[in-house]
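Residue-level listing of the chains:
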Amino acid sequence: MIELDDLDKAILNEIQVDFPLVKQPFLELATSIGSTEEEVMKRIERLIKEGAIRRIGPILNVKKTGGESTLAAVKAPEERIDEVAGIISGYDEVSHNYLRPAEYNIWFTVSAPSKERLGEILEEIGERTKCPLIDLPTLRLFKIGVKFNVK
Amino acid sequence: MDEIETQLLKFIQDGIPITPRPFKEVANTLGLSEEQIIDTIAKLHHDGIIRRFGASIGHRAIGITANAMCTWNVPDDRVEEVGAIMAGFSDVTHCYERPRREGWPYNLFTMVHAYTRDECRKVAKQISKATSVEDYNILFSEKEFKKTGVRL
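One line per chain: the protein sequences are A and B, in this order. Heads up: the first sequence at position 129 corresponds to 129 in the numbering used here, and the numbers run straight through without jumps. Heads up: the second sequence at position 114 corresponds to 114 in the numbering used here, and the numbers run straight through without jumps.
For the record, the hints were derived by calculation from the structure and aren't laboratory data. Heads up, a few of these hints could be off.
[Claimed, not checked] In the DSS-like style, the derived pairs of lysine-lysine whose C-alpha atoms are separated by at most 27 angstroms in a straight line are:
1. A:Lys75 x B:Lys146
2. B:Lys147 x A:Lys42
3. A:Lys75 x A:Lys130
4. A:Lys63 x B:Lys10
5. A:Lys130 x A:Lys115
6. A:Lys64 x B:Lys10
7. A:Lys9 x B:Lys147
8. B:Lys10 x B:Lys43
9. A:Lys49 x A:Lys147
10. A:Lys115 x A:Lys143
11. A:Lys143 x B:Lys147
12. A:Lys23 x B:Lys43
13. B:Lys129 x A:Lys143
14. A:Lys64 x A:Lys147
15. A:Lys147 x B:Lys125
16. A:Lys151 x A:Lys49
17. A:Lys64 x B:Lys147
18. A:Lys49 x B:Lys146
19. B:Lys10 x B:Lys24
20. B:Lys143 x A:Lys151
21. A:Lys23 x B:Lys24
22. A:Lys75 x B:Lys143
23. A:Lys147 x B:Lys147
24. A:Lys9 x A:Lys147
25. B:Lys146 x A:Lys9
26. B:Lys10 x A:Lys143
27. B:Lys143 x A:Lys49
28. A:Lys63 x B:Lys43
29. A:Lys151 x B:Lys147
30. A:Lys9 x B:Lys122
31. A:Lys143 x A:Lys9
32. B:Lys129 x A:Lys147
33. B:Lys24 x A:Lys42
34. A:Lys115 x B:Lys147
35. B:Lys146 x A:Lys143
36. B:Lys146 x A:Lys64
37. B:Lys10 x B:Lys147
38. A:Lys130 x B:Lys146
As the structure is a prediction and not an experimental result, all values here were calculated from the model.
Just chain B, with the same shape it has in the complex (with noise of 0.2 angstroms):
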């Protein structure tokens, strides 16, 4: 990244002004033209830096409060098949394969995000029944300490 693009992230990583022109107020302050912050945007979406621009949704406020991380144990050879299933249901908004430690068998995660925690226990036993893998554990999240943005 440029000297333009990485200023320009830091500059709207905490959102973009709410006004009809969001993009201008950008460029003014950073002393460059509208259609040079809406093109490094696309430029940087389009190589992969910006994975998603838009809304990030404190999904807690909206009443989707029941947060799930699911681990799966399973066998090494089956891992690239079984993510794939996972990661095709809509409910799963995160699917990662992760590796084994000593004590910590499980080495792939779902995050499902739910209404309620019945809800998420369905998905699990769903995603279980669609791939055969009966080793696994539910963790809610109790509490949020913190959540960010990834930050630059």
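If we strip away everything but chain A, and leave its shape as in the complex, we get (with noise of 0.2 angstroms):
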């Protein structure tokens, strides 16, 4: 874990949402935190360099792109974990892969350009690991990604 003194946090809290969108977005946080565009930029490379901050960019909304996503699980037997998970990982489609130890205990994310290529995926990923397979689409979205709260 990294450490971080009060500027970096400041940094962390102020960019995640809301990301300045002008011609020099680093002297616009700088003045809006009390720091120099320099600084600023000096420390936000660090945390990229200690993965802190994954990158700055765009974080898209799927469905408005003309895509479908769902979260999946798999129940996996404990001796073949890492080899089911290496087969789910290996979609480009799957963004995100998790272990979490219960009944299903791989569970993961796919995102694909149409409903078409990502039953084909799914269905790919069933026959491959011989896991038995729960898709589970969002119905309603209450709450998505706000800010983590960087204390």
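Given two chains presented individually in distinct reference frames, assemble the corresponding complex, making use of the accompanying hints.
Next up, the structure:
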């Protein structure tokens, strides 16, 4: 875990939502948190290098780009977890893949350009892993990935 | 989306460069103007194709290592009310209704990110109390096999 001082925390809390869409965004950011453009950029570069920031960019709404996504889970036997997880992660369309010890133990999200492609991928994963699979698409959205409160 | 928008999103989905004029750099590469880049991003944001423009946080790197998916069995006629209550918790980052399946009765999902597992358990308990939903599971992520942004 990396050390964060107050300025790092201020930057992290500030740039998650509404990054300034202006010509000199780091200057605007610096002004709003009472620092300099140079210092803010230096801090952000370190935060990226240390993994605290994955990237600064667009978070897409798959549905609006015409795509389809879902959450799915498989029941993998203990001794096959890594193999099964490897098959699943191998798809570019799989964006998240986690081990969550429970009855269904490998949980992943898939985003594809179309419903057909999404169905194809899930079917293929079921066949290749030979594990029971449940497909749990979103029916209703109450809240999505707002921001992490960096304390 | 038109061709320019698609091209732009593909180019910046892995992140903009950290330079004083990041959009100018993007513009130069794509043969567009800096204003065009900024306006197009703003338009895509306004249209909802870009849900959020900003930093994606590597929450594990900064110590927010506990990540719990809570699954709730909520009576169908209470989903609307209960979903709204759950979404109101600041530690809940995501809240969705999903279908029940054979052998899978849980229809509401909340993601809770916190510094410790105990904090996650505490939040789940608070949610349970606030909603009177008692049939739930907490699935902690033991291992992250993959995490990328959703890509075009």
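Worksheet item: For the pair supplied as a hint, B:Lys143 and A:Lys151, is the alpha-carbon distance within the 27 angstroms limit?
Response: 24 angstroms, holds
Worksheet entry | Distance restraint between A:Lys115 and A:Lys143, which requires alpha-carbon spacing of 27 angstroms or less | Roughly 23 angstroms between the alpha carbons, so the hint for A:Lys115 and A:Lys143 holds.
Discussion item. Holds or violated: A:Lys64 and B:Lys147, Cα atoms, limit 27 angstroms.
Written reply: It holds: about 21 angstroms lies between the C-alpha atoms, which stays within 27 angstroms.
Discussion item. For A:Lys23 and B:Lys43, compute the direct alpha-carbon distance and say whether it is at most 27 angstroms.
Written reply: Holds, at roughly 16 angstroms.
Worksheet item: Is it true that the CA of B:Lys10 sits at most 27 angstroms from the CA of B:Lys147?
Response: Distance of about 18 angstroms is within 27 angstroms: holds.
Worksheet item: Is the hinted pair A:Lys9 and B:Lys122 satisfied, with a Cα-Cα distance of at most 27 angstroms?
Response: 25 angstroms, holds
Worksheet item: Are the Cα positions of A:Lys147 and B:Lys147 separated by 27 angstroms at most?
Response: 17 angstroms, holds
Practice prompt. Sort out whether B:Lys10 lies within 27 angstroms of A:Lys64, counting only the CA atoms.
Written response: Holds, because 15 angstroms separates the two Cα atoms, which is no more than 27 angstroms.
Fill in: Given pair status - A:Lys147, A:Lys64, alpha carbons within 27 angstroms
21 angstroms, holds
Worksheet item: Hey, A:Lys49 versus B:Lys146, does the alpha-carbon distance stay inside 27 angstroms?
Response: 19 angstroms, holds
Practice prompt. Would you check the hint for A:Lys147 and B:Lys125, treating anything up to 27 angstroms between C-alpha atoms as holding?
Written response: Holds. A:Lys147 to B:Lys125 sits at ~22 angstroms (cutoff 27 angstroms).
Fill in: Hint consistency between B:Lys10 and A:Lys143 [alpha-carbon to alpha-carbon, up to 27 angstroms]
26 angstroms, holds
Checked against the numbered hints given earlier, the structure satisfies every one of them.
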